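Quick mapping for you: the protein sequence lines, in order, are chains E and Z. For what it's worth, the numbering used here labels the leading residue of the first sequence as 1, then goes sequentially. For what it's worth, the numbering used here labels the leading residue of the second sequence as 1, then goes sequentially.
Please note that a few of the clues may not be correct.
Stated by the list, open to error - Derived Cβ-Cβ restraints for the label pairs, each shown as a range:
no.	chain 1	residue 1	chain 2	residue 2	range
1	E	Gly130	Z	Pro3	29 to 37 Å
2	E	Arg14	Z	Thr35	28 to 36 Å
3	E	Ala47	Z	Asp36	54 to 62 Å
4	Z	Val129	E	Arg74	35 to 43 Å
5	Z	Glu254	E	Arg79	55 to 63 Å
6	E	Ser102	Z	Pro3	29 to 37 Å
7	Z	Val411	E	Glu163	34 to 42 Å
8	E	Ala59	Z	Thr252	31 to 39 Å
9	E	Arg14	Z	Lys413	53 to 61 Å
10	E	Thr167	Z	Gln324	20 to 28 Å
11	E	Glu160	Z	Glu25	22 to 30 Å
Honestly, the hints are just simulated from the structure, not real lab data. Predicted model only: the values in this text are computed from it and were never measured. No residue lacks a Cβ here, since even glycine has one placed at the ideal position from N, Cα and C.
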Amino acid sequence: MALETDTIVQVLLRERLRVTALAVSVVRDVHAADDIFQQVVLAALEARNQFRDAEHVLAWSLRTARHRALDLARSRQLRPLPDEVLDLLESRVPGPVPIAVSDRDEALHDCVGRLAPSAQRLLQMKYGEGLTAVAIANRLRRTPDAVYQSLSRLHRFLRECVERKLTVSTESAQEVTN
Amino acid sequence: MTPSQERRLDALFVRYWDNVLTPEEAAELAALLATDPQSRDVFHQYCVQILTVAELPALASVAAEGVPDPVPAPVAPLSAPDLPPARRWTRRQLLGWLGGGVAVAVGVGVVGRHFWGDAPTTTVQLQTVRGTVTVQDARGRTVAPTAPLPAGAMVSTHGVGSSVVLTYQDGTSITLTGDSTVTIPDDHHVHVHQGAVSAAVPPQVAQTEALVMFTHQVMLAGLSGVLVTLGEAARATEVEVHQGLVSARHPTGEPIAVVRQGEVLTVGADGNHRKQPTSPTPEEFALNLTESLPSGWLVGRHEHTSEGPVIRTERWPDPYWQHQEMYQIRSNQPWTRGFFRLRPDSVVRVRYRVHTAGRGQLCFCVRTASSACPDTGMLEWNGIYGESGTGRWDWLTVTADQMRNPPNRHVPKFADPWIGFLIIFNTYEVDLGLEVAEFRVSRPGGVRLD
Chain E
1 MALETDTIVQ VLLRERLRVT ALAVSVVRDV HAADDIFQQV VLAALEARNQ
51 FRDAEHVLAW SLRTARHRAL DLARSRQLRP LPDEVLDLLE SRVPGPVPIA
101 VSDRDEALHD CVGRLAPSAQ RLLQMKYGEG LTAVAIANRL RRTPDAVYQS
151 LSRLHRFLRE CVERKLTVST ESAQEVTN
Chain Z
1 MTPSQERRLD ALFVRYWDNV LTPEEAAELA ALLATDPQSR DVFHQYCVQI
51 LTVAELPALA SVAAEGVPDP VPAPVAPLSA PDLPPARRWT RRQLLGWLGG
101 GVAVAVGVGV VGRHFWGDAP TTTVQLQTVR GTVTVQDARG RTVAPTAPLP
151 AGAMVSTHGV GSSVVLTYQD GTSITLTGDS TVTIPDDHHV HVHQGAVSAA
201 VPPQVAQTEA LVMFTHQVML AGLSGVLVTL GEAARATEVE VHQGLVSARH
251 PTGEPIAVVR QGEVLTVGAD GNHRKQPTSP TPEEFALNLT ESLPSGWLVG
301 RHEHTSEGPV IRTERWPDPY WQHQEMYQIR SNQPWTRGFF RLRPDSVVRV
351 RYRVHTAGRG QLCFCVRTAS SACPDTGMLE WNGIYGESGT GRWDWLTVTA
401 DQMRNPPNRH VPKFADPWIG FLIIFNTYEV DLGLEVAEFR VSRPGGVRLD
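Go ahead and model the full structure; you've got the sequences and the hints to work with.
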């Protein structure tokens with residue numbers, strides 16, 4: 001029996017980050033990844049009769065997003081990751097400790113808020129506006145290598161900051177449960 | 001994944017994003033991702049970071065092309081109720097607002113393109129750019145800081161030592177210092193989002209439209225013949241009048257107070273306000289750790305221990321060091337008021353403890369005696385924490401004059417008094433376990449603390 005439209009939309013909205021993250025990992029453009037997600041949702045609704053269950057919707061959507069992202073990447077002459085790596089990223093299973101998307105978002109928001117305004121601005125220029133490191137370097141009168149170095153450090157800081165926050169909240173939740 | 005593999009992945013990722021990896025680097029990244037599940041997790045987390053960062057309200061500048069602003073940007077000069085939003089919605093936010101109505105969102109996107117047109121320009125020009133200054137147009141795109149500014153431009157200065165002067169045809173000048181951001185909707189309005197912004201407005205001719213400066217809490221209209229500093233922080237707005245007088249109102253137009261030369265008005269986030277004479281920044285200062293740290297304190301863990309309250313260093317990416325993570329304590333930045341007034345013979349005393357001896361710094365960012373002047377400098381102590389022993393309380397004592405010594409490369413180029421507005425303890429990349437229990441500034445002849 002075909003899934004209801006509402007069910008398909010619910011699945012995709014719940015997994016939006018995962019689908020869009022796969023797309024953005026290929027096209028490296030946040031706005032293009034958003035477009036791809038919208039296209040995947042429309043295509044999924046058109047193809048709803050073929051879906052057996054929610055897992056099927058997700059798997060189909062990830063594969064569709066990947067194909068569309070690869071098409072766009074080729075048109076932009078971007079060097080993609082090898083197929084075997086994309087297979088692994090597509091089939092990636094979340095970690096053993098379930099973390100709600102909202103918790104991770106909140107932690108990330110908090111961690112970004114701890115950055116200096118100049119660091120936030122750097123992230124905004126790179127990923128919000130889509131500027132290359134060379135363009136940013138020109139604006140800020142630094143070298144591209146210095147920009148890359150700053151970006152990699154900021155990514156690492158945010159990752160570790162989020163992990164620390166989630167570890168603390170998980171431990172607190174377990175204490176309350178116990 | 002080893003720490004070196006982690007750092008390598010971090011370095012490769014940002015270059016992969018720009019499609020600038022060499023074939024060898026691309027093969028290295030592929031091999032790392034193919035063989036190590038943890039690397040794939042990190043790669044995925046970085047992609048999620050980017051998606052989330054691009055849409056966070058604090059960072060979202062202007063929607064991708066084609067998405068209309070939910071509140072149409074006014075073209076005519078603003079009155080208080082017509083304040084434009086500080087940020088436009090991204091496509092993601094609009095998608096969420098519509099509750100996932102994808103078809104509608106796509107339709108809106110198509111229609112939205114018709115709302116976009118080329119923004120008019122103002123006559124406002126940038127001059128005297130120091131440090132890091134960025135300009136975004138009304139669509140949030142970073143543009144070169146060339147004159148004149150487009151209408152709706154957002155001008156930001158980043159970091160201590162950065163400043164810029166915006167000049168108007170009538171001789172008005174607006175100065176931004178440190179981490180400050182303003183939007184210039186047109187020739188007659190300045191929207192202050194954060195930081196310290198000073199306006200020098202010559203006497204205006206009758207029948208000309210006077211400048212209006214506003215934050216989300218305060219509006220200063222009809223500025224003429226004044227020198228005023230507007231300080232916008234998370235929980236309060238300060239209006240300090242150096243020359244002339246200003247009429248402060250709520251954004252609704254309701255009067256708050258008339259602020260005269262030598263007075264400062266503080267308007268809290270709750271709407272309460274207080275006007276008082278501008279008192280000189282004190283020469284005596286003591287950080288009170290028995291109470292909560294001041295609002296906006298940036299880095300450092302405030303803890304109450306069995307030996308009393310302390311503040312401890314935390315790991316933080318320092319922009320001065322290309323966002324290298326360093327162990328620091330870093331205060332808020334009360335530019336207008338400052339923490340303390342320093343003379344060369346001012347004495348700084350810190351009671352501290354480390355579990356490991358190592359090199360470190362105590363730094364002050366200082367400004368001139370006038371908050372309307374953007375000049376800044378640094379006073380630094382560079383030495384070894386725990387040189388005379390670890391695991392026990394010790395005193396660091398230094399004079400302001402000594403803090404000008406080498407290796408300080410940013411000594412103030414202006415005479416004292418130096419107004420300290422940012423306090424930094426730094427032990428670089430090594431965690432010495434630095435704890436600070438007392439921090440005091442005094443002039444000679446003050447109370448001894450041993």
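Here is what the structure says about each hint:
Between E/Gly130 and Z/Pro3 the beta carbon distance is about 31 Å. The supplied range of 29 to 37 Å therefore holds. Separated by about 31 Å at the C-beta atoms, E/Arg14 and Z/Thr35 satisfy the suggested range of 28 to 36 Å. Between E/Ala47 and Z/Asp36, the C-beta spacing of about 35 Å breaks the proposed range 54 to 62 Å. At roughly 41 Å, the beta carbons of Z/Val129 and E/Arg74 sit within the given window of 35 to 43 Å.
Taking 55 to 63 Å as the suggested C-beta distance range, the pair Z/Glu254 and E/Arg79 conforms, at roughly 59 Å. Taking 29 to 37 Å as the suggested C-beta distance range, the pair E/Ser102 and Z/Pro3 conforms, at roughly 31 Å. The given range of 34 to 42 Å is respected by Z/Val411 and E/Glu163, whose C-beta atoms sit roughly 40 Å from each other. The beta-carbon spacing between E/Ala59 and Z/Thr252, approximately 54 Å, falls outside the hinted interval of 31 to 39 Å.
E/Arg14 and Z/Lys413 have their C-beta atoms about 58 Å apart, which keeps the hinted 53 to 61 Å range intact. Distance hint check: the CB atoms of E/Thr167 and Z/Gln324 are about 23 Å apart, consistent with the given range 20 to 28 Å. Our hint of 22 to 30 Å for E/Glu160 and Z/Glu25 holds, since their Cβ atoms are close to 24 Å apart.
Against the hints set out earlier in the document, violations occur for numbers 3, 8.
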